[in-house]
Structure formats: structure tokens, C-alpha cells
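Starting from the structure of chain A, add chain B where the hints point.
Listed below, chain by chain, are the residues.
There are 2 protein chains.
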Amino acid sequence: MEAELKEMLDDLESLGRSLPDPSRNASIDKLRSRVKHLSELAKFAPAHRSKVKDMSAEVVDSNPYSRLMALQRMGIVENYERIREYSVAIVGIGGVGSVAAEMLTRCGVGRLLLYDYDKVELANMNRLFFRPEQVGMTKTDAAVQTLSDINPDVVLESYTLNITTVQGFETFISSLKNKSFRPDKEGSGVDLVLSCVDNYEARMVVNQACNELNQTWMESGVSEDAVSGHIQLLIPGETACFACAPPLVVASGVDERTLKREGVCAASLPTTMGVIAGLLVQNTLKFLLKFGHVSPYLGYNSLKDYFPTMEMRPNPQCANAACLERQKEYMLAKPARDAAAKAKMEAEAPSAAECPLHDDNEWNISVVDDSDTKRTDAASSDALPEGLTRELPSADEFKNASASGSADTNIDDLEDLRKQLEALNS
Amino acid sequence: MEAELKEMLDDLESLGRSLPDPSRNASIDKLRSRVKHLSELAKFAPAHRSKVKDMSAEVVDSNPYSRLMALQRMGIVENYERIREYSVAIVGIGGVGSVAAEMLTRCGVGRLLLYDYDKVELANMNRLFFRPEQVGMTKTDAAVQTLSDINPDVVLESYTLNITTVQGFETFISSLKNKSFRPDKEGSGVDLVLSCVDNYEARMVVNQACNELNQTWMESGVSEDAVSGHIQLLIPGETACFACAPPLVVASGVDERTLKREGVCAASLPTTMGVIAGLLVQNTLKFLLKFGHVSPYLGYNSLKDYFPTMEMRPNPQCANAACLERQKEYMLAKPARDAAAKAKMEAEAPSAAECPLHDDNEWNISVVDDSDTKRTDAASSDALPEGLTRELPSADEFKNASASGSADTNIDDLEDLRKQLEALNS
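Line by line, the protein sequences give chains A and B. One point on numbering: in the numbering used here, the residue at position 237 of the first sequence is 237, and numbering is uninterrupted. Remember, the numbering used here sits 1000 above the position in the second sequence when you count from 1.
Next comes chain A alone, as it looks inside the complex (with noise of 0.2 Å):
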């Protein structure tokens, strides 16, 4: 827009050098100010930084990855900027999905393909990422404009459709099936699904679809009551999927919407929707990268401040017939799993008779004598950063202090004691 009030600026110099009336210049000069005062205005509208190619872990204020690269680093992940590889879909654009969406960008995932139908209401704006001036514009659209501004690294996708009617869930199953991000990718085209829809409808098609292809997703959810929620792993055939143990409305075959009434709405809030946003993203994150340990099932009472976890096993029984199909190669899969593990188990850690003591010792461990209390380095666990002493001496200190002070002990310094002491009487 800048550029724009430059070039009007000129063509109005232009124009008031060849009018030759003088009286003119005074409407002239009028639009001339109105121009600089709009390019006042102009300065205020949003800016873009460009691209990154590499991910750099130098810690300037430029530098927007310095603290996702320093994760590396603090030892916690291995090689942070594989998550450029990445491709995360996100199945609902709400209050869950949508900051899950920020979060991934932050982070700086490969790409990110976003599936909503809706549009942003401002009855929306009691979560957090919707904004009111985005009011009227499709969930997508809205979400696309944030989010390449926040960060153009991101490859976004943006799918408007409702995946449960039958066009809508071919374009889902085809746009997970694309590969042309990563053609060398094995299985389908994205790393994980996550579903942060707000109807079980919603959820037995993402369970339908991954089941299809096999493909791993984590479920989402928060109560009508809005203070508590859960996140769920599903990796079809090995854990139970959505259908293995459904939500009794689901059992039953009723349709949810005739369970709605007139003039009543759910309660939410951006505080149980952020957590479990957060929770589902650093769970996406653990799984992506890994690192740490991901949580089968998470739960979120916020009343009582209670996380419950817990497992479950597929279904024997499931009336889904592709998690059937998943649950047979899982355990045909089984034998071929199980000697993999033993192999790696035998790599990591050698039994004695093939492997003898101390023939390869590369970190220098020897035995010492148990009589030799002395510190070999200050490099001990005890050992406190440069700058800082104890207030208190440590129980080895106190040991040795007394351990001492009773060898030099000696009927002489028993009489001194009885001195002071009767000093302090006195």
C-alpha cells in the first residue's frame, strides 16, 4: 500500500505542475495532504518477514528459531529442524484446532493442512486465535491469513468442505493420501492427523478415514461443561479406535443433532481449550520429534486440577471392519516385532560372556578403594555452579568435620570445653 500512496503522490505533483491555473493548486495541495495522512495510516498495517531457508540455532533477536533450536542443545531433541519434513492435519478449526494450529506454526512444521466447513462468529471470540475483524470469513480462510503472516515458512493447506458428506470426505482421504511434499514418505502423505472436532460424527469419520490408511491420529475433545477435555493417541490396530469402545450416543445410532436444543449452547473457555490445545501439540511434538514419552490418553479435570491416563487395546470385536483389518496385520506383524526388539535389545546392551568386563572402557571408569573418601574432581554430582557456596556444610563435610575433631579429641580439649562452659554459666 505504501508503494501505491507514493506513486498517487507523484501523479498529483504531476498534474498540479501542468495545470496552469494557480487556483487550482489549492485542491491540489488539499489531496496532497490527504495522501500523507493516509500514508501515516498505511504504516501501521501489517508488515511480513520473509522466509528462513535454514533453521539457525545463533541466538540473535533476528532470529526467530533461536529457542526451538536451543532444544537441541538442552539435550532434550535430537535434531530439531527434521520437523521441516513434517506434515500435520488438522480436522477442525475451533478452539482446539485453531491454536493448535498457531502452536505447530510457532514451532515451524513442514506444512499444515487445515479441514473446516465453518465460518468465525463472534461468539467465537470467548477462544483464543480468531480475531473480530475476521468475522464473516471461513474458518480457513481466516486461519491461512494468521497463520502466513506469524510464519511464511509454513506450507499451508486449506480445505473448506465438511468432511462428513461424501464429496467432502473423498477430497479428505485423497489429500492425505498426496504425497508430493515428500515423495519418499512411507504410508500415506501426512505424519499425523489430529482430530479437534466438536461431534462424534466428525470423530468416526476421521476414525474411518485413518483406519483406511492406516494412519496414526490423536483425538481431542472438551466438555459441554467447558472445564475438562482429554487428547487420545490411536494407532490403528495396536490401540482401541474410535469405534472400539463408542460413546453411547454413537452405540446407539442416534443422531447427536436431535440431542440439540433451541436457545442453548455449550460452554467453552480459553483456558481449557489452550491447555488442551497445548497438550496435544506437545504430545504432536514428542511423537514428531522423538522425544519423551506420548500419552495413550490424557485426561483434563479443571476443577479438581487431575490429569487421568489410561490405555486401551483394540477391540476383538469392533464393528469397524478396517480397524479389523489393522488389528489382523498388527498381530501376523507380531513375531517379526518382538525378535526386532530382542536384536536391538542384544545391541544395546551386550551380556557379559561375549562382552568381558573392562576391555572396552571408553569413559575411563575404574574401581576405587571404599577407604579413599577423598574427591578425585569437582565435577561431582554434589558440585555447585561457579559463584555459588552452600549455607550449610554437606553431610560429607559434617562426616569428616566430626570424624576429624574425634581424632584430635584428647582429655586437654574435654577440660577447655568444661571451661567455656562454665564461662557461659557465670
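Source of the hints: derived by calculation from the structure; they are not laboratory data. Since the structure is predicted, the reported quantities are computational estimates derived from the model, not experimental observations. Among the clues, some could well be false.
Stated by the list, open to error - Derived DEER-like restraints, expressed as beta-carbon distance ranges: (1) A/179 <-> B/1258: 45 to 55 Å; (2) B/1051 <-> A/301: 27 to 37 Å; (3) A/421 <-> B/1256: 36 to 46 Å; (4) A/344 <-> B/1137: 43 to 53 Å; (5) B/1084 <-> A/341: 52 to 62 Å; (6) B/1082 <-> A/248: 31 to 41 Å; (7) B/1137 <-> A/199: 34 to 44 Å; (8) A/224 <-> B/1058: 13 to 23 Å.
All C-beta atoms in this analysis are idealised placements derived from N, C-alpha and C, irrespective of residue type, glycine included.
Using the frame of chain A, we list chain B on its own:
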């Protein structure tokens, strides 16, 4: 900006009409088309929502508070609109503080006081809230810009200062004391202080101010490796203050800035900070609106999804003089507190001797004969919503069925059963 452009178009029209020479019209036309193009661009500039006088529970898309007022209908909060009376101070508008501020703004809190001296950098973009176009602005200015766009109903006070300086501390204390927002309020001018700072020096300063003012506050923090964090409730005199059990670096009197190394920065993640901000503001809402249980301390270990809790009593040897004052006051008020608790308990549960059973029975509770097993109405706790059916009989139905069966059992029935078994085996 749209109004400005409209006026400019009018000016151009009148200039065009007044020109005698038609050859100038080409220039005017060119300018006109430029203004029209700018009008198109301006449509994407932020629009603002107008203020709302009262929070309405009406379920319409245009009501920004419908999902929050629904907390009343759901029985979670007694009077949600009271949130407009409360003032919350947030010290440190970084990865946790900015998200906490956004959550409280979207919840429609009455007044927010924001304290920070820092500027927005690209290196902050791996956490939620700030946008690349805000780089270079002070965090307080950028926050006020974003928050007032999101919810113009919230009164925002911004303090661009460092509370650890003498001048900063004085302004901090006097702003907390200021009661102009709600002159009838007891104690200080704010209902809660949230500490969202990233160093111990600032925490000790918040602790000092809150001990002096007898001000309840909440502490928050995220670890340097970005994968854990905590929140803590501090009530002067009643719980441990931050100086009661200080971190080693504080107890040793070392300047923590000397521990930082050039070219090394702490790691941070939008997920961990989002979860901590969510837990912090959820507990703030529970504290202000009096629902659920406010956690005295809640940790978050994201590698294991483990959430430790604990409680800390004040240290009678605390180094903070104001803390000792508050502890003394709390002890002195104990008899009055105990008496009030006893009176409340007695008022809520009158003894049998004082109030004869069933003398006043407004809920029409009656004792029924144990042998009467029939349901008296359909609203029993086991009842399902309309449209749902059970796949398996309930425990009661199963018992009734077998009980009625055994009453009818006679020799003929056993004979029938034997015949059926034989038929099956044949």
C-alpha cells in the same frame, strides 16, 4: 481509512468538474482508479467491534459472551458477569504473561494491568501472541494494541517499566494500590497479581510488594529446557511466600545474570507456555468466580505428562520481614477464623435435637419400604435421554428377571430346559 478515501474521491470529482480543459481528465481518471484500488486494499484493514454494555446469555452468533454465560446454565459458575468487577495485574508480558492476558481479555475480565519493559523481537515468535509486524514495539504497547482489538470492554492499563528499579517499584506499588476502578473494594486496588517473569530477581520484587500490600498472587514459571513448568498460589501469611524457601541462587545472594553465558539462550516452546498460561488463568477464574478447587501448587512435566501437586506452609524463619508480619496477623486471626468456620458449619447442618426430622420437608423426601422395588418415576439416575436405548439390560432389570424367573420355576420348566440342552447337544 475508508472514510478518508471516500472524501478523497469526492475531492477528485469536484476537481475534475472544475477543470476547463478535458485533456486533464485522463490524470483525474488515473487518480480516481488509484483511490478505488486503495479502497479495496483498505477492506482488509482491521475493523473493530463495539463495546457491549451488559453480558448477555443470548445464543446468537453475534454475542461474544454467550459461551461464557453458558457456564451459569451448566451450573459451573453462579454469576459469571461478576468478572467485570475484577482487576488482575500481570507482571511480565512474555510467553506466559501475554497468553494469560489474552485469555483474561477474551473472558471479559474488568481490568488488566500489564507490566513489562522489554520490546518484541523476532526471537519471541516461537511463542503465542506477538506477531512479526509488532517487532520493535514495546511488549506493553503491542499487547494493548492486540487486546483492545479483541475485546474493547476490558480496561487496559499498561506500565512500560522495570519493577526491579527503585522508580519502577514505586510505580508498581502505587498502581496496585490505586482503587479508582472500584473504590469500595477492600484491600488493594487489584484482586490478583500474576507473576509471569523469567528471573528470580523480579519474582522476589513481586513477592516483596505482595507481602507489603497483603496481596494474594500467583507465581508461574517454565524451565530453561522448555519442557516443564509450574504455577503456585501465594497468600501472604497463610502459604509460604517466595522467600520462605528460596531457590539456591537466591539464597546464595549470587547475581543470576552472571550465570548467563554469551551465545546461549534458554529453550522455549509455545506448547509448554500455553499449558502453563492456561492452568494459571483457569486457577485465576476459579479464584475470582469461586468455583472448583484452586491449586496451591501444580507442576507440569511434559516429557511424562506428570502433574505434581504440593502445599507449602510459611517459614517462621523467613528472611522477609513483611512475610513475618503477615504470618503473625494470620496466627492472631485464627480464633476468629475458627469461630466463623464453626458457625458456618452449624448454620449449614443444624443438629437433630434443634430441628426435628421431617418437620419442614420442602423437597418432599419420604422413606419408602425396602421391599417396594418398583420405580416411582422415570427420572431416576439410571434414566437415559430420549432416543437412547441400552444394549445390555441394567443390573436391576437382570436381577428382577431372574427373581421373577425363580418364582415361576417348577419341575416342568426344568424338564423343558433339559430337553433344549439335549436338542443343542444332538
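Now the hints, each set against the structure:
Distance hint check for residue 179 of chain A and residue 1258 of chain B: the Cβ-Cβ separation is about 52 Å, which falls inside the suggested range of 45 to 55 Å. Between residue 1051 of chain B and residue 301 of chain A the Cβ separation comes to about 35 Å, which falls inside the hinted range of 27 to 37 Å. At roughly 44 Å, the beta carbons of residue 421 of chain A and residue 1256 of chain B sit within the given window of 36 to 46 Å. For the pair residue 344 of chain A and residue 1137 of chain B, the beta carbons lie near 52 Å from each other, so the given range of 43 to 53 Å is met.
Distance hint check: the CB atoms of residue 1084 of chain B and residue 341 of chain A are about 59 Å apart, consistent with the given range 52 to 62 Å. A C-beta distance of roughly 36 Å is found between residue 1082 of chain B and residue 248 of chain A, which places it inside the suggested range of 31 to 41 Å. Roughly 40 Å separates the CB atoms of residue 1137 of chain B and residue 199 of chain A, a value that falls within the hinted 34 to 44 Å. In this structure the hint that residue 224 of chain A and residue 1058 of chain B lie 13 to 23 Å apart at CB holds, the actual value being about 18 Å.
When held up to the earlier numbered hints, the structure conflicts with none and fits them all.
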